[in-house]
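**Student:** Here is what each chain is made of, one letter per residue.
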Amino acid sequence: MMRIRHLLAASVIAAGGSALEAQTSAGLDSATMNAIAPIIQRARASNLPLDLLYTRARQGQVQRLPASRIEVAVRNYAERLETAQAALAPNPTTPELKAGVDALQTGVPRETLSEMRRAAKEGSLAVPLGILTTLVARGVSVEKASVQVVALLQQGASPAHFIALDQRVQADVLAGRRPDESLDLRLKGIFPNLPQSVNAGDAATLQAGGTKRPR
Amino acid sequence: MSFAVLAAFGSAGAAKAQWARQTTFDVGAIRLTRDDFADTGGLNVAALWSRWSERVSLVASGAATRITDGRSTGIVLGSASYLVPLDRFRFEAGAVGNILGTSDQGPASSWVGFGRAHLVSDNMGAWIGGGGGTVHLEARDFGAATGDLGVWARRGEYRLTLSGSSVRTSMISTVIFTDGTVLRVREPVGYTDASIVGHGAWGRFEIDALGLSRHAWKGSLASTPTAAVSAAWWATPNMAIAGAVGRQLSDPMRGTVRARYATVALRFSAERHGPVRTRATPPPTTAGAASIVAVPADGGAVVVRVNAPGAQRVELMGDLTDWSPTPLERRGGQWEVRLTTTRGSHHVMLRIDGGAWVVPSNLPRIDDELGGAVGLLVIP
Numbered sequence: 001m002m003r004i005r006h007l008l009a010a011s012v013i014a015a016g017g018s019a020l021e022a023q024t025s026a027g028l029d030s031a032t033m034n035a036i037a038p039i040i041q042r043a044r045a046s047n048l049p050l051d052l053l054y055t056r057a058r059q060g061q062v063q064r065l066p067a068s069r070i071e072v073a074v075r076n077y078a079e080r081l082e083t084a085q086a087a088l089a090p091n092p093t094t095p096e097l098k099a100g101v102d103a104l105q106t107g108v109p110r111e112t113l114s115e116m117r118r119a120a121k122e123g124s125l126a127v128p129l130g131i132l133t134t135l136v137a138r139g140v141s142v143e144k145a146s147v148q149v150v151a152l153l154q155q156g157a158s159p160a161h162f163i164a165l166d167q168r169v170q171a172d173v174l175a176g177r178r179p180d181e182s183l184d185l186r187l188k189g190i191f192p193n194l195p196q197s198v199n200a201g202d203a204a205t206l207q208a209g210g211t212k213r214p215r
Numbered sequence: 216m217s218f219a220v221l222a223a224f225g226s227a228g229a230a231k232a233q234w235a236r237q238t239t240f241d242v243g244a245i246r247l248t249r250d251d252f253a254d255t256g257g258l259n260v261a262a263l264w265s266r267w268s269e270r271v272s273l274v275a276s277g278a279a280t281r282i283t284d285g286r287s288t289g290i291v292l293g294s295a296s297y298l299v300p301l302d303r304f305r306f307e308a309g310a311v312g313n314i315l316g317t318s319d320q321g322p323a324s325s326w327v328g329f330g331r332a333h334l335v336s337d338n339m340g341a342w343i344g345g346g347g348g349t350v351h352l353e354a355r356d357f358g359a360a361t362g363d364l365g366v367w368a369r370r371g372e373y374r375l376t377l378s379g380s381s382v383r384t385s386m387i388s389t390v391i392f393t394d395g396t397v398l399r400v401r402e403p404v405g406y407t408d409a410s411i412v413g414h415g416a417w418g419r420f421e422i423d424a425l426g427l428s429r430h431a432w433k434g435s436l437a438s439t440p441t442a443a444v445s446a447a448w449w450a451t452p453n454m455a456i457a458g459a460v461g462r463q464l465s466d467p468m469r470g471t472v473r474a475r476y477a478t479v480a481l482r483f484s485a486e487r488h489g490p491v492r493t494r495a496t497p498p499p500t501t502a503g504a505a506s507i508v509a510v511p512a513d514g515g516a517v518v519v520r521v522n523a524p525g526a527q528r529v530e531l532m533g534d535l536t537d538w539s540p541t542p543l544e545r546r547g548g549q550w551e552v553r554l555t556t557t558r559g560s561h562h563v564m565l566r567i568d569g570g571a572w573v574v575p576s577n578l579p580r581i582d583d584e585l586g587g588a589v590g591l592l593v594i595p
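Chains as they are written, first to last, in my numbering: chain A, 1 to 215; chain B, 216 to 595.
Don't read these hints as lab results, they were simulated from the structure.
Do not rely on the hints blindly, as some may be mistaken.
Covered by chain B, according to a simulated footprint, are these stretches of chain A (three or more residues, beta-carbon under 8 Å) [what the hints assert, rightly or not]: (1) 66-78; (2) 106-118; (3) 141-154.
Listed below are several chain B residues computed to face chain A (Cβ distance under 8 Å; list not exhaustive) [what the hints assert, rightly or not]: (4) 479; (5) 483; (6) 486; (7) 534; (8) 551; (9) 554; (10) 557; (11) 559; (12) 579; (13) 580; (14) 583; (15) 591; (16) 595.
For every residue, glycine included, the Cβ atom is placed at its ideal position computed from N, Cα and C.
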């Protein structure tokens, strides 16, 4: 009897999963579905969030790209997704994976993602990863942005701190300041206000010695 | 209440609870020809103080004339009213009064309470109303009843008002008997004025014109048409050269008599006039000029706001809309859409007025590996 109940429960879960997948893949034409089917199959086996892959495929379809091109984009995305999943282990959320994929795409090393996971402990990395990517896309060097974002997490920076940092850097860059210089400047206003703050000198020491520099 | 003022309510609606104002002071010369006077000239000063909001209207004005033969005339008018808006209707109640004094006669005055119902849309309206009060002339008091209706329309700096008003009251008439005896007797009068009033402004120049036809249906008042025109040219934002010419009919409610007049004056205003120096209409938002922010809202939702000056249509597309074009709603000077999505980073693009999909100007661009770029929006 217990076994039947388990089978029923598994069937319900499986049915739910299929329904969700059908929903997220809705709108994709058969050519695209066929092209990405092997990628989806592998992603399912790796327990990757399939909706991110379907969304990627839908973006290509909206742009009326050929299925072959969409397939390449989805495959690249799935590979980075798998990398992000491993780097953000043990239990990355879908928003974290999504932000991690973007970070990897802009050149952030996977080791930085792992360091961020360790530094954030239980906190979500969705916003910090997003801001890391943003900083790099605005022109801050990958190495500097990575070190500083990890340092911010180690000192208990909240998503609001990261958002504020990005806004200030954006304003500085628009005003003509060099992105790296702007980041250094703006961090001086943030570090002293963090929950586990140390003074600016200690923060520099912490960043240099306490954090493994990304390769 | 002046219906030019009421016409201004359409635009005042955009600034609820704010007071519009008009404060002017005229000083100049007048040429006056009354039926019982020879042509006279003199000095004329006039002032207007007006404040109105969506519900309240206050007007006070006065004028004083000293003519060359040494006689002087002064008149003070005031009105106050309160409107209750109800959908497209405005229900108004108020009172108007005036006092007229001349150096060779006793003062005359009138006090009238009134009520009106207005139907108002953005650029046109209509009203109907009536009132009653007293008229005080030569130490006697008479009753007075009024009724009026009209329509007005406005387009930009141009206004046109068509109205009809009826008055039933009494005035003092002079009866001269053959033996030379002169009697001042009460004479009931009734008349209806149909008028058309226009106002226009072109840069520094503004003009008002009145055409009126009186039909007197009781008493000895003449049934006659009349017209008047006044204009002002604002030499500076606060000073104008103003002039007026026309013919006023006798007004038993105010105690004024029929006369032709021409005036020229310097007008000083506490408010700025003439060409309004507003910022130029923002040019249509060019590709990539629009900026975007996302703020958390209640219930786990986020509100995405787009600043796209001059845009007529704004659409958002990205992973947070499942790559479906989603139109935003105009809210004040910005465009908004409320979405349920996750915190973190999202890929977005904007389309302005049906043009090409572009990356919002304030977002960093990242390669979408599909041959283009997307904006990276981080939702806190």
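**Student:** Each hint should be assessed against the structure and marked as holding or not.
**Tutor:** Now the hints, each set against the structure:
For the stretch 66-78 of chain A, the stated coverage by chain B holds: 6 residues have a C-beta nearer than 8 Å to a C-beta of that chain, and at least 3 were required. With 1 residues having a beta carbon nearer than 8 Å to a beta carbon of chain B, the stretch 106-118 of chain A misses the requirement of three or more and the stated coverage is violated. Only when three residues or more bring their CB closer than 8 Å to a CB of chain B does the claim for the stretch 141-154 of chain A stand; here the count is 0, and the claim is violated. Contact between residue 479 (chain B) and chain A, as hinted, is not supported at the beta carbon level, the nearest pair being about 56 Å apart and thus beyond 8 Å.
Restraint check, residue 483 (chain B) versus chain A: the minimum CB separation of about 45 Å is more than 8 Å; hint violated. With its C-beta approaching chain A no nearer than about 38 Å, residue 486 (chain B) sits outside the 8 Å limit, and its interface hint is violated. With a least beta-carbon distance of about 5 Å to chain A, the hint placing residue 534 (chain B) at the interface is held under the 8 Å criterion. Contact between residue 551 (chain B) and chain A, as hinted, is not supported at the beta carbon level, the nearest pair being about 19 Å apart and thus beyond 8 Å.
A least Cβ separation of about 14 Å between residue 554 (chain B) and chain A goes past the 8 Å threshold, and the interface hint is therefore violated. Hint on residue 557 (chain B) holds. Least Cβ distance to chain A is approximately 4 Å, under the 8 Å limit. With 8 Å as the threshold, the beta carbon of residue 559 (chain B) comes within range of chain A, its nearest partner Cβ sitting at about 3 Å, so the hint holds. Given hint, residue 579 (chain B) at the interface with chain A, holds; its Cβ is 3 Å from that chain's nearest Cβ, closer than 8 Å.
Restraint check, residue 580 (chain B) versus chain A: the minimum CB separation of about 7 Å is within 8 Å; hint holds. Interface restraint check for residue 583 (chain B): the shortest CB-CB distance to chain A comes to about 7 Å, inside 8 Å, so the restraint holds. Because the closest C-beta pair between residue 591 (chain B) and chain A is about 6 Å apart, less than 8 Å, the hint holds. With a cut of 8 Å, the hint placing residue 595 (chain B) at the interface with chain A holds, because the nearest CB-to-CB distance is about 5 Å.
The structure shown violates the earlier hints numbered 2, 3, 4, 5, 6, 8 and 9.
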